[in-house]
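S.K.: Fit chain B to the known structure of chain A by using the hints.
Going line by line, the protein sequences match chains A and B.
Anchor point for the first sequence: position 45 equals 45 in our numbering, and the numbering is continuous, going up by one each time.
Anchor point for the second sequence: position 338 equals 338 in our numbering, and the numbering is continuous, going up by one each time.
These aren't lab readings, by the way, just hints derived from the structure by calculation.
If you're wondering where the values come from, they're calculated on a predicted model, not measured in any experiment.
Careful: at least some of the hints might be erroneous.
As the list claims (entries may be wrong) - Here are a few chain A residues that sit away from chain B, every Cβ distance over 10 Å (derived from the structure):
(1) Lys-45
(2) Val-49
(3) Glu-66
(4) Glu-116
(5) Thr-238
(6) Ile-294
Unchecked claim - Covered, in the sense of this in silico footprint (three residues per stretch, anywhere, with C-beta under 8 Å from a C-beta of chain B), are these stretches of chain A:
(7) 174 to 186
(8) 226 to 237
(9) 240 to 251
Cβ atoms here follow ideal geometry from the backbone N, Cα and C, with glycine treated the same way.
Chain by chain, the residues:
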Amino acid sequence: MAREKIHVGLEIGTTKVCAVVAECRRDGEVRLLGVGESPSRGVRKGEIVDFQNASNCVHDALSDAEERSDHEIKSVWLAVTGSHIESSNHRRSVTIEGGGEITEKEIEDIASKDKEVSLPKDNDILHSILQQYYVDGREGVIDPIGIGGSKLEADYHIIHGVVNRIQSTIRCVRKIGIDVEDVVVNSVASAQIILDDQKKASGVVVIDIGGGVTDYIVYHNGVVRQSGVIAIGGDHITNDLCIGLRIPITRAEKLKIEEGSASLENLSGAEKITLKNDTGFSGKEIDRSMLNHIIHSRLHELFGILRNRIQDVVPIHLLGSGIILTGGCSLIKGVREVAESVFEVPVHFAHAQSVTGPTSAFDNPQLSTCIGLVKYAHAVDTDYPQESFLNRFINSITRKLHLI
Amino acid sequence: MITYPRYLAGQSETQSLLIALGNAGINIMDRLIAQTAFPMESLAINTDQQSISNTLASNKISMGQMTTHGLGTGGDPEIGLDAVKESAGEIQRAIGGKNIVFICAGLGGGTGSGAAPLVAELAKQNGALVIAVVTSPFSFEGRRRAQQAATSLREITRFADAILHFENDRMAELIAPHAEVGETFSVCDKLLFRAISSLNRIVTSHGPIPVSLPDMLAVLRHSEDSCLFGCGEAAGEDRVHHVLETALRSPLLDRGRLLHDAGRLLVHISGPSSLSMEEVAEIMKEISKNLSPSAMLNLGVSVSQDHSSPLSVAIIGRCGGEKRATPTIKASTDLSYLTQSAPTPQPASKPQQTEAPFFEIPVATAVHPTEKPAAPKVQQPLLPLDPVTRGRFDKIEPTIVEGEDLDVPTFLRMKLKK
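Just chain A, same shape as in the assembly (with noise of 0.2 Å):
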């Protein structure tokens, strides 16, 4: 059997560094071959402050996925995210010219009103997500070729965010000689993966809470309605232990990851968590109570702004399929009572969907964001055959110039 295309997705995250490999089969099903993981050093909420420290762990993280695949990588596809990452709604519009249908010609025009988004002085386009069309204020046309109209509309979901900070993410992967296919927001990405048409179209919410950011994204009536990053994430429970625990960061870590628990019930007050001296640290008794608390107030106030985001473009009862978390901090126990207990709609967690390969893999929730970039690459390559990013590029170009 030929091997399909093979795509490479590399997130660098707050906690770790994890790059998967994998192809992508026609039927849309995505065969994991190999996954390399390094814990991340250098970077805080999504972004990286330590360059070569980050460089380091992209390194190590690639050459592991390399040994593990068999698979030489050449370029990947980059997951960013960070606090700068902001989203709107847009509607723009065009006129017919000509026998009044419309044509490749008017929906291609459409597209590339991007430019004429009023966006922040250092802000780019990342992604600019169709809604849907309207022919002459007539809502609801899904493929507006061949309706005939005067006036074309449609809404566009822009996600945006500052140059430079982009930038900086891919220089630090450019560094150690790999090349970059695109970027792609994180929300974005793990979204791919999982959620599927049916998902969307009743309405869902992926929350993605990481190491130092949280990615939200939206969807309702199979539509992108509302995207964003919040920078909130697992490393300021642990913050929030250490302070609150008077305790070092690297055991209030240990303690998240063991004994972490966001439920307030059953808790009888007097529950003794002990922790073992350790280098450095003499051992100390602490409050289950306390802990929980700590950890329950942090993320109940986490999804409180989201839900608030949310509803400010969806009502969240009109979410047909409730909210899925996933991220490494949807480990944490009683996460899911904390999340229904805010947006009163079901909670689920993310099941990759349609990925064969190693078991332990696609069922973490830490990897969803990687497998959802090879299958976001997978489905550019379907629009786009055999095109990379430098040749989109050119081709956009000489089709503009084509225009004039």
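M.R.: Showing chain B alone in chain A's frame:
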């Protein structure tokens, strides 16, 4: 659900005890004992040996001799708690046999904040009705003290049946911003004393319209809000007007204006056997004029057999109630009050301060309905001066959402807000 303590059903003899905790509590108690004929037994508890030896209280406990060596807690509630644990047996003996225990403490320091919850618990265990009368510190005393006070107050709520919570900030502001320090404190202390003695009277006295315990507890249960309090005493001719004037002029009612915000109000009238129904009706009429139409009013009347005892009125309420009428409605009702109250006859035999303040109130609020203080709580947000709380996010870009620095642990911010 509130359960009736058993002792109140059959027993007629009630024994009340006032416990003063810490320096602030003892100061208040000393002032009471020195200035008035004090009606109940008193017990002073402190960690500071010097303050204990100077107090006028009838019983004294110097607690935590082993923990603090009589040198105080240095403002640490944990030491206060250790001290009270050490002396728990002694305190329990002193409380024994009392059915009503008032706990008077200034929260924010070490002894008051640390010991009050446990003392309340001990009293509760003894089957007493526990009423805590506490003050919270001035905001300029720092965030730490405010936090300690808030924590302690929450703890006390678990054990006390009723809490009268006075905010020092508000008292000082309402009494007189420019008054001398000593004067301000003495007015504050006097208010606290009046509150304690009126509560004691409400609980112990019997009369034609008794205040049921659940009613009283319903007014006082919510400790998070600070309370409204006013009382007055008068005898002789025109006693109704005099008593109302002093009661409504009480600073914590802000000349009756704050009564608008009260969701629940308890009015207790006690007087000599000559107290007439007409007098009661008149008092109630004047008080209800200041009330918001949706407020819940509980009335209690008690009559003493003694002919010479004065007529006294106590108004206790809780501000920041859930029922708040919109300002426009208030303004219109106020206007109707204005026309009604204008022809009310003034007592002719009273040359000094003939302008009774409760007649002025509707005028003021009706003309400037928007200038009415909307929230009686004086809260000054504090700058986050504590550099350690950001922890590992110290040197990187803060996460600020809706004006809040989310890098500061949530549980810390939540506690500060409360």
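S.K.: None of the hints should be skipped; say for each whether it holds.
M.R.: Status of the hints after comparison with the structure:
1. Lys-45: 7 Å, violated
2. Val-49: The assertion about A:Val-49 is violated, with a minimum of 6 Å to chain B.
3. Glu-66: Holds: least Cβ distance 32 Å, greater than 10 Å.
4. Glu-116: Its Cβ never comes within 10 Å of chain B, the nearest being 29 Å, so this holds.
5. Thr-238: Answer for A:Thr-238: violated, closest chain B Cβ roughly 8 Å.
6. Ile-294: 5 Å, violated
7. 174 to 186: Coverage by chain B is violated here, the residue count being 0 at a Cβ distance below 8 Å.
8. 226 to 237: holds (count 5)
9. 240 to 251: With 5 residues in contact (Cβ-Cβ under 8 Å with chain B), the coverage given for the stretch 240 to 251 of chain A holds.
Hints 1, 2, 5, 6, 7 from the earlier list are contradicted by this structure; the remaining hints agree with it.
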